[in-house]
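Between the sequences and the hints, there should be enough to build the whole structure, so can you do that?
Residue numbers (the working numbering), protein chains in the order written: chain A, 1 to 256; chain B, 1 to 256.
I should point out that these hints are in silico values taken from the structure, not numbers from a laboratory.
Predicted model, so just to flag it, every value in this text is computed and none were measured.
Computed beta-carbon distance windows for the label pairs: (1) A:E236 - B:G110: 35 to 45 Å; (2) A:R233 - B:K42: 48 to 58 Å; (3) B:K42 - A:E134: 14 to 24 Å.
Note that the Cβ used here is the ideal one computed from N, Cα and C, for glycine as well.
Listed below, chain by chain, are the residues.
Number of protein chains: 2
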Amino acid sequence: MTRLNESVPASLTKARLPEIRARSFDCERDQLSPIENLLSRKQQSKLQAIATILDYQRGNSTIFSESEDAHFVYSVISGIVRISRHSEGGRRQVLAFMLPGDLFGLPDAGIYANTAETVCPASLYRVPWRQLRETMLSEPELQLNLLIRLAFDLRQAQRRIMILGQQNTLQKLASFLLDFVQYTDFYDVRNHRLTLPLTRFDLGDYLGIAPETVARAFAKLELAGLVRRNSPRHIEIPDVAALRQVVAGGRRQQRP
Amino acid sequence: MTRLNESVPASLTKARLPEIRARSFDCERDQLSPIENLLSRKQQSKLQAIATILDYQRGNSTIFSESEDAHFVYSVISGIVRISRHSEGGRRQVLAFMLPGDLFGLPDAGIYANTAETVCPASLYRVPWRQLRETMLSEPELQLNLLIRLAFDLRQAQRRIMILGQQNTLQKLASFLLDFVQYTDFYDVRNHRLTLPLTRFDLGDYLGIAPETVARAFAKLELAGLVRRNSPRHIEIPDVAALRQVVAGGRRQQRP
DNA sequence: CGTGTGATTGAAATGCTTCAATTATCGTGG
DNA sequence: CCACGATAATTGAAGCATTTCAATCACACG
Numbered sequence: 001m002t003r004l005n006e007s008v009p010a011s012l013t014k015a016r017l018p019e020i021r022a023r024s025f026d027c028e029r030d031q032l033s034p035i036e037n038l039l040s041r042k043q044q045s046k047l048q049a050i051a052t053i054l055d056y057q058r059g060n061s062t063i064f065s066e067s068e069d070a071h072f073v074y075s076v077i078s079g080i081v082r083i084s085r086h087s088e089g090g091r092r093q094v095l096a097f098m099l100p101g102d103l104f105g106l107p108d109a110g111i112y113a114n115t116a117e118t119v120c121p122a123s124l125y126r127v128p129w130r131q132l133r134e135t136m137l138s139e140p141e142l143q144l145n146l147l148i149r150l151a152f153d154l155r156q157a158q159r160r161i162m163i164l165g166q167q168n169t170l171q172k173l174a175s176f177l178l179d180f181v182q183y184t185d186f187y188d189v190r191n192h193r194l195t196l197p198l199t200r201f202d203l204g205d206y207l208g209i210a211p212e213t214v215a216r217a218f219a220k221l222e223l224a225g226l227v228r229r230n231s232p233r234h235i236e237i238p239d240v241a242a243l244r245q246v247v248a249g250g251r252r253q254q255r256p
Numbered sequence: 001m002t003r004l005n006e007s008v009p010a011s012l013t014k015a016r017l018p019e020i021r022a023r024s025f026d027c028e029r030d031q032l033s034p035i036e037n038l039l040s041r042k043q044q045s046k047l048q049a050i051a052t053i054l055d056y057q058r059g060n061s062t063i064f065s066e067s068e069d070a071h072f073v074y075s076v077i078s079g080i081v082r083i084s085r086h087s088e089g090g091r092r093q094v095l096a097f098m099l100p101g102d103l104f105g106l107p108d109a110g111i112y113a114n115t116a117e118t119v120c121p122a123s124l125y126r127v128p129w130r131q132l133r134e135t136m137l138s139e140p141e142l143q144l145n146l147l148i149r150l151a152f153d154l155r156q157a158q159r160r161i162m163i164l165g166q167q168n169t170l171q172k173l174a175s176f177l178l179d180f181v182q183y184t185d186f187y188d189v190r191n192h193r194l195t196l197p198l199t200r201f202d203l204g205d206y207l208g209i210a211p212e213t214v215a216r217a218f219a220k221l222e223l224a225g226l227v228r229r230n231s232p233r234h235i236e237i238p239d240v241a242a243l244r245q246v247v248a249g250g251r252r253q254q255r256p
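Spelled out as structure tokens, the structure:
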């Protein structure tokens, strides 16, 4: 079962190509906030000239697996991609969810260090690493933008370290929800409704807690009136600012 | 109190300059293993031409603080630098310990995202970011090496996420010790003696656990015959392979 | 030689995981 | 479109791990 089974490479002659974006140096720090386009039109077209569009029709499709030979780098156009790695014991840790505009799949010694799978239907740019490498060498400005992008990803990873290192379950879940609220693809600001294409397993493996604990944390937040579960994957968040208060508190839960 | 108070910039005319190193694509993955020098002589000298050497005589000196304007990038020549960030509650999380050959201080929107402090006496290269940026644009190969370096740092951060997300106290401590054992600066292979210039507070903030818990974990490892505390900062590790077994086990402690 | 900081250990409280059972949800095929 | 089955989600209860508070001990440095 190769990873191309479920993908339908689309033509590059589409009228309006989605943008390949790099994060700006000037974006809000420590936020998954809307991203700016740092690439010039010329750089965009350079990238798109060597890119292929892949459409994954369903969730849980493998894009690539850890320890495979790495030939391509990817960028999310729409949907969500789950980046994960397995420990020796076989336990899965979700390292990140890649959202529209994100870049992933950089090779490590010619090999993928992580596994990438779709969480829901998704479309991606696929860029051959070899060509990207050559383009970067001939276009230093483009390369610098990718370097800045990578620096941003590093800070995101550091943010996750902060969260995993010093937040309790309730705060972890709140942090996660606050991240997703930034994306209008998933959060309807008017109705305060968040659509999570993730299971409690995904969430647990992302936050470093058991899926049961995730469910319990949702229950607690609901009891406190901070969220409302219309269904497991449709969450209403009436007051985002109140959720932020949960994160701001100490490690232990505040006494009433 | 500026950060230059304790530093003594040395002359650049030293006979043999320590190398500024970049990690190789081909180095062992997920290991703080000895690193290869990826930069050519020409690239080395380009960097060293714009670098200053700083010598910090003592530990706990601040190199830079989070939210300061960022003008320099640093590389460790000798010693250890602690990279940390504080949460809203003021709690400190140590994101990484920078060891000889490591690079740190990349600006985020012109500002340092983290705090960098010496853990013990240390000497560093200091490179003006503005000049480094220009050099990268005129030397794409050099830039690519720095990009690869950054990719390595990202994978290191991901490794920390794995550890924080799914290891218990004993495993976290064991993982940490195994990392440090790789560095001959701190581990004497002949006597199996590890010298840790870190306090239990540093360690706790790094592993996301209370310092008391660190002490207890050391006690457990000692009881199991896996380490021996000659003094709090002088640890004997008779059998490194046995320590690895601790990490390999499940999250819960194995029954006897 | 004293003092302050770091390290260790004890004991109680709390939070998280695990196992187990039940209920809800979603995708699929009839 | 509905019913079904598989999978996900929820909740309960017990056990264990970690934190916290507190007290003591060790050590380095002036």
